[in-house]
Amino acid sequence: MQIALILIVIVVLIAVLMYNSLIGKKNQVENIFAGMDAILKKRFDLIPNLVASVSQYMEHEKSTLEKVTQLRTQAMRPNLSDEQKITLDAKLSSALGAITIAMEAYPDLKANENVMHLQRSLNEVEEQISAARRAYNQSVTDFNNAIEMFPTNIMAGWMNLQRRAVFEITVMERQNVDVGALFNR
Amino acid sequence: MKSTSELTDFYYKELYGNLNELEKVRLQILSQLKWYGGMGLVVFILFAIWMGKNFGLFHPFSMAIVIGFIALAGMFYRSMTQEYAKDFKTKVITPLINAIDPHLLYNPDFMISQHLFERSNLFPHSIDRYSGNDYVKGSIDGVPLEFSDIHAEYQTKDSKGRTQWHTLFRGLFLVAEFNKYFKAKTVILPDQAEKSFGTLIGGWLQSHNFSRDDLIRLDDPAFEKAFVVYGNDPIEARYILSHSMMKRLLEFQKKVSYPLFISFVHNHIHVGIATKKDLFEPTIFTSLLDYKQAMEYINTLRYTIGIVEELKLNERLWSKA
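Here the protein sequences come in this chain order: A and B. Taking the numbering used here, the leading residue of the first sequence gets 3, the next gets one more, and so forth. Taking the numbering used here, the leading residue of the second sequence gets 704, the next gets one more, and so forth.
So here's chain B without its partners, still in its complex pose (with noise of 0.2 Å):
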């Protein structure tokens, strides 16, 4: 797989003439949208300083024509982005994920089935809303993976009836075949309760935790300091979760930086990467040049794509072929 280097280098020079063609759309739809943003916010300054003289500001006719202002000012974004957005994924996210791999198949429209989402028992929820985009699949080093960005969401009534969404998962969920082979569920979850509970207390609660298999006390410290651990074979889980592969995942935590959720069920190891925002999405605010910005794109996909080589999905030593 090419390196980091490699991939900004591929980003700066043969995507050039594309980036450019999109700055300029960029540039047009920012000067376009301070215009109209402009002239919104006027007409929305004189509207409520009348809605304020007949009405009064926190009346619920008021209350609804601004909640009504900004609906109408969502939309009106997206549609002036959507068509700059499509174009950013087939004129630079395609060719970058080619670069990386010419055999890796990208969609930008669809996502990782719920099914898998599901399957995968990282969080144990009804889900009411799932959506999702930038779906990825193909295989890197033999070894079939696929992810997609996912928000994941369930609602709530409160006590006046409203409908209240929560978001169970947002970020980046991967799938990919493991090398072993396993029976049992094994789940790793950011271990919350002992850093807010310490480890006495905190220890107690995850042993508790009904919703989830029990819990699996592993040997090695840091580690389990930064994961908890369930599953329902205390063997198969430390088969899986072998001292290398902890030292692996451990790693990976550090690279990526965000929540990281695990789980091995069905011989395939799941993740989810709890970015809480959508990824691959142009800019608008900054350049598509900006430095800093092509290496979130670059870094995303290599540290998601590098996890079959992060954590040696790809080596053959036991006899699953």
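If we strip away everything but chain A, and leave its shape as in the complex, we get (with noise of 0.2 Å):
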């Protein structure tokens, strides 16, 4: 009778550790996807600054720097599922990207102070995005790894979380990076 108590005790227990584990997993994901929620925002206020200041340079441009205005807009919109902010902000980074690119031809853009501070301020902002997504993937994966990893599959189906997502990172990403080292030069 005794044992029984004590095993049920240490079932229970174990349960309730597992459960409170893979709920601060769950809430760590959503946190740190808050806390990207915020930096992207901080994009969104910068880019009509940037636009407006660098469009009276840029006439050939025009395109992209509307595309990134429409962009902003779509993003913006309320009660976007996070996979959609995903792809949006995929698309976002890459037409900011383009823009960088194309800010090289310009000599007209290095020389105004205004824009050069805008642009630091952009690679804050676009670093801190590399760092909040890096943090969500891993938060991600250490959630994907309880919901499959035995014992707390069991607990997690259950429970009915689903896997999720990881930030992909795109080949206009990675040249980002060497803009930014040749802005320097």
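What the hints contain is simulated information worked out from the structure, not anything from laboratory work. Errors might be hidden in some of the hints.
[Unchecked claim] From chain B, some residues computed to sit far from chain A (all C-beta separations above 12 Å): (1) Thr711; (2) Lys756; (3) Ile768; (4) Arg781; (5) Lys792; (6) Lys794; (7) Tyr857; (8) Asp861; (9) Arg920; (10) Lys957.
[Stated by the list, open to error] On the chain B side, residues computed to face chain A include the following (Cβ under 7 Å): (11) Leu918; (12) Asp922; (13) Pro937; (14) Arg941; (15) Tyr942; (16) Leu1020; (17) Trp1021; (18) Ser1022.
[As the list claims (entries may be wrong)] From chain A, some residues computed to sit far from chain B (all C-beta separations above 12 Å): (19) Ile5; (20) Leu15; (21) Lys28; (22) Thr75; (23) Ala107; (24) Pro109; (25) Asp144.
All C-beta atoms, glycine included, are put in the ideal place defined by N, C-alpha and C.
If you follow the hints, you should be able to join the two separate chains into one complex; please do so.
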């Protein structure tokens, strides 16, 4: 009788620990996603400024600038799902990357202190976003591992927890890093 | 900044006169040391024989005499080399630092403040004795930095009530401004646990370290192998530790070859290089003109001051002006 009682207590204890660790991991993913959302908003705030100060110089780049503005409007719509946010964010990143590359062809821009400051702020935000993505990917990996590995997978099945998607780093973004280095020359 | 070979040239050409002068003093001290050392040894042996006959060698009184003798010898040694050490710092280390950058200030008796050392969050332990010397302050490529030798200790009492001193950190401690804004605390330590217990158990131990913030796992396997990172903001930790920064820190670790303790707190980078010895001190038993010795002074200064270039702290790609 007593042994059975002890066994039940142990099983309950393990179940509680597993449940809590899964919830902890799920919340960590959400927490980091919220942190990333805040940084993405920072980028949304920068874009109109950048577009406004750059557009008078970059006559030939009108379509790219319009695309950025359009993407920003789309990404700022309320009630977007996490997946939609992730895709729009990736598109915005590559469009902004295209602007940065195009800026290389306009020496006047480099002489403009205001544009240079915006460029530096954008660099900063881009790096913060990249950091947030890496943090998010790590937390998602931890979470996915937990819901797929034994024995937490059984508990995760009862709790109806689903695998989450990690961010994919696009080829364009890898180029961004190089552009940053070019800029410093 | 001057290259190592330029500094070596400077050491042997410009400082040759000073080095020669000091070398003479060194040889004089050495011969005196040999003479007094020999005399001391003879006296000590005679005394030991006499003590052994009268009290026995392991009598508390004999032990006290031995300890007293060692302390006396230490004091004697220090008083004999004090002037020489001071001369060495003004005639060799000061010009060497000026050659690296004329705007750097050097004070042989001063040290990094205990406040900065504690702020780094690298050694979360109370400090009972804090000392240091060879303080350098200035800015390299517009990046303010300061460093010095530091010896931080704490004491414990054993079961018999005797105090014991333990070294918390001994080596070079550097603080420099970092080129990105951040609010969180990020601490990077040498990876002891994973080295001694393997990835599985070591990793578990690291994630359950209660004296530290949360464990942060990074996406660079080589970096993860060499270091363990704790921080209170996973996003900011990765913002500071970009892929290129992790690579640079690894490169720096390879160059330095002593355990590295690095933290990012309060918009500053704090670096502790645990050399476990007092740096920039003159040698007594080897020549100051010895190439290996010269390289140690030059390399230590170069990699410490070169940290700005090495970690690209002077890069102004971000909004922080």
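Hint by hint, here is what the structure shows:
1. Thr711: 31 Å, holds
2. Lys756: 69 Å, holds
3. Ile768: Its Cβ never comes within 12 Å of chain A, the nearest being 61 Å, so this holds.
4. Arg781: 50 Å, holds
5. Lys792: The claim stands: Lys792 (chain B) keeps its Cβ more than 12 Å from every Cβ of chain A (closest is about 38 Å).
6. Lys794: 40 Å, holds
7. Tyr857: The claim stands: Tyr857 (chain B) keeps its Cβ more than 12 Å from every Cβ of chain A (closest is about 34 Å).
8. Asp861: Nearest chain A Cβ is 38 Å from Asp861 (chain B), so the label holds.
9. Arg920: Answer for Arg920 (chain B): violated, closest chain A Cβ roughly 6 Å.
10. Lys957: The claim holds: Lys957 (chain B) sits with its nearest Cβ about 22 Å from chain A, beyond 12 Å.
11. Leu918: 11 Å, violated
12. Asp922: Result: holds, 6 Å to nearest chain A Cβ.
13. Pro937: 4 Å, holds
14. Arg941: At about 4 Å, which falls below the 7 Å cut-off, the nearest Cβ of chain A leaves the hint on Arg941 (chain B) intact, so it holds.
15. Tyr942: Holds, because the Cβ-Cβ distance from Tyr942 (chain B) to chain A comes to roughly 4 Å (cut-off 7 Å).
16. Leu1020: Constraint on Leu1020 (chain B) satisfied, holds at 5 Å.
17. Trp1021: 4 Å, holds
18. Ser1022: 5 Å, holds
19. Ile5: 29 Å, holds
20. Leu15: 17 Å, holds
21. Lys28: 15 Å, holds
22. Thr75: 25 Å, holds
23. Ala107: 20 Å, holds
24. Pro109: Holds: least Cβ distance 19 Å, greater than 12 Å.
25. Asp144: Label violated. Min Cβ-Cβ 8 Å, cutoff 12 Å.
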